[in-house]
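J.: Here are the chains, one letter per residue:
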Amino acid sequence: MLAFVLRRLAQSIVVMLAVALVAFALFNFVGDPVANMVGPDTPLNERAAIRERLGLDEPLPLRYARFVAHVAHGDFGVSYRTGEPAGRLILSRLPATLELALCSALLALIVGLPVGVYTGLHPKGAATRLMLTASLLGISLPTFVVGLLFIMLFSVTLHWLPAFGRGEVVQFGLWSTGLLTRSGLAALVLPSLTLGLFQTALIVRLVRSEILETLRTDYIKFARARGLSERVVHYRHALKSAIMPVITISGLQLGAVIAFAIITETVFSWPGMGLLFLQSVQTVDIPVMAAYLVLIGFLFVVINLVVDLLYFVVDPRLRLKSRAA
Amino acid sequence: MSGNKLLLALASLAIAFTVATAEAKTLKIAGAADIPTLDPHGKSDNNTLSFLGNIYEGLVRRDAALKLQPALAVSWSHPSELVYRFKLRPNVKFHDGSALAAADVVFSFERAVKPRSEVRTIFASFKSARAIDPLTVEVETKWPDPLLVERTYAVPIMSKAWAEKHNAVDPVDMNANATANGAHRGAMGTGPFMLKSHQPGRSTVAVVNPNWWDKKASNLTEVTYVPIPNAGTRTAALLSGEIDLNYDLSIQDMARVRATPGLKVVAGPEIRTIFLALDQSRDELLESNVKGKNPFKDIRVRKAVYQAIDIEAIRKHVMHGLSRPNALMWAERVNGYDKALDKRFPYDPAAAKKLLAAAGYPNGFEVGFDCPNDRYLNDEETCKAITSMLARVGIKATLNAMPRGKWFAKLLPDYKISMTLAGWFPLGVYDAAHTLTGVMSCRNRQQGRGIFNLGGYCNPKLDEVIKASEREFDPTKRLALLREAARIHRDDIGHIPLHDSFIAWGMKAKVDVVQTADNILLWRYVTVK
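As given, the protein sequences belong to chains A and B, one line each in that order.
If you use this note's numbering, the first sequence corresponds to residues 1287 to 1611, in order.
If you use this note's numbering, the second sequence corresponds to residues 120 to 648, in order.
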């Protein structure tokens, strides 16, 4: 088990190095960072001096090697846009994104699991058809449109919820949370709904298909033949098998949600990592872009590791196999 | 705390809060970009100045028509060619109560020309300053500069003592750890508002300065600035009432805001002029099917491009009325503008075709057309309209619209363009000199001239006139030289001027503002009913 974890962590370093390499190769095509740093009337020799100072014209392998060396010391460079150390800047925005992602994932599970189970157990009902249509909408509507629709309805027309921002947050050392204040909770609702809509729809359809499939298997037939009640058959046996793929998908989705909450964060002006990344792309803020991509690479590896470990916990077959090995 | 005590505390808090809010006149402004730094010599873009211009002041300021007015200096004189003398306003206090003195002005000027200062290029003629007495400053320039007083508008005055105490003696270095510099997140000026808090990316708050030296025309007590990058969300926040003023209203949202009861749009011309630059420096265009010669070197081709463009149609249908067609390279409120010269060559596609045929291109030619898509108001839409207009006379332009990061990479330092849309705002001095030096002078890397001369247009006669105007102190003679420069450039068709951009602010109907053509929102003019 320990060997497994260590092997995975070593792999994560390889992943991050690869991501950083690809990122640096791309940075030659993102535009001119100096233009955003100085006014349009700045003389050419001054621009050249800045480029030299920042090492922007050096060959790619050299810049990459220097970047890796600095990152090994935890130094991601200084943001061209805000003048703050890039690593610290991203970490300061991490709580906002994580809170949003976790809330949306939780929402998706709380809504998606029961709905999925219901539609799986009652495949022909009218309510099922309604829920499936709604889930279809949830999968097909782009996040951008959903977010703006929510804002138009709940903020502009009804004045129930705020259209932007995070509200008041309470700071606990490095972490900041909006869950403890009224305005923070209000501000969390629409973005979580927007971000969670797609995940909910996905979970509903997944759980439903898993349950439908499981209910057709032999061991369920034997359980019924043995005289177990429908309730025990459904919830103790069928559901447990259906949970497995949901864990996988939710885990992988969580990584994607954290990394790519960019659109939701932009629409709601949510001060998280996603919005920071978008702004850094627009202003060609290379240190922040590089730091963000490397950290996201690391995040994906860690999430995949956690998902695999959860398999051990949930699936007894894997536990037996590892003990035998 | 016991239940009853808690209830009492909450109740009294609620009462106090209601009483406070009844008298407080607050303004919540939302803009697209965040305020990158609070250092007054740190950035020279309009968004930052629109905030800092209320907290910091310079020796002079501008009124609603952008005319120069005394501010921290009550009078100035020009005893010799290289020397200016400023008499400071007495009894002016910084926000911490300390008195403004000549030493603060000397310190601020010297700070403004240090290596990392963004206002250095505007203040380029400054050599040194000294305090003659606590209320008199003498400034020496490197060369004779008739615009020195105008330039001081762009150099806000900081408190020397505060800067020394807060590690802000040097301008903020945005490429090293900027937060170590006290002026990056803090401010100490003399303006009508004081900084209260600054959370980058979230909100910045300022409160009214009760000890300001001028009488107040505003009834604001607190101003909050929040960045909302998404244009749709920004408009939604205005529609929902969460913000009071949308500083960057997009054109397509204007009708919606106008139609909403309780909201209004305040729009007006900006001193930013949009134009086309055509590559006249190369013998063969980089992005064209014409080989062996450069069509844009022929004035007939340039005139054909000019006359192919229906700028009125662009104003009506692309800009929705939010542009002012211009025949000059600077706007009405810029010093040096002359209405008599503001006569465009008429829109005439037939004449354009004849000119192209006479120049040897009866079937037109192909050319690459660069355009930013996130820099100027409806820039990409303007370029699309121009592309179709040029196609009608035979010039097949391939439009390449891109974000400003990529666009700038193409422009500088190697000017890798054949034809591009661009805009210019005469920073700081609001004078034609800024445009003449930056855009219309022959490119000269050593002297730092013609940096934004994207097409490489060069007329030595024009350069002579420009240089003469830079040394001319008599305002009448100088204006005549600026007019002469405009005339020469117009006859050369060095660039193709299009229009002056517009500013559009959306706000609640109860907010009254004075909109100045430099797109700087001055809170000292804002009243909330």
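No lab work stands behind these hints: they were computed from the structure.
Bear in mind the structure is a predicted one, so any value in this text is a computation, not a measurement.
Each residue gets a CB set at the ideal place from its N, CA and C atoms; glycine is no exception.
Just so you know, not all the hints are guaranteed correct.
Between beta-carbon pairs, the in silico distance windows are [unchecked claim]:
no., chain 1, residue 1, chain 2, residue 2, range
1, A, ILE1533, B, THR646, 33 to 41 Å
2, A, TRP1461, B, THR255, 50 to 58 Å
3, B, GLU431, A, LEU1348, 49 to 57 Å
4, A, ARG1337, B, ALA299, 36 to 44 Å
J.: Starting from the hint list further up, note which numbers the structure goes against and sort them upward.
T.: 1, 4
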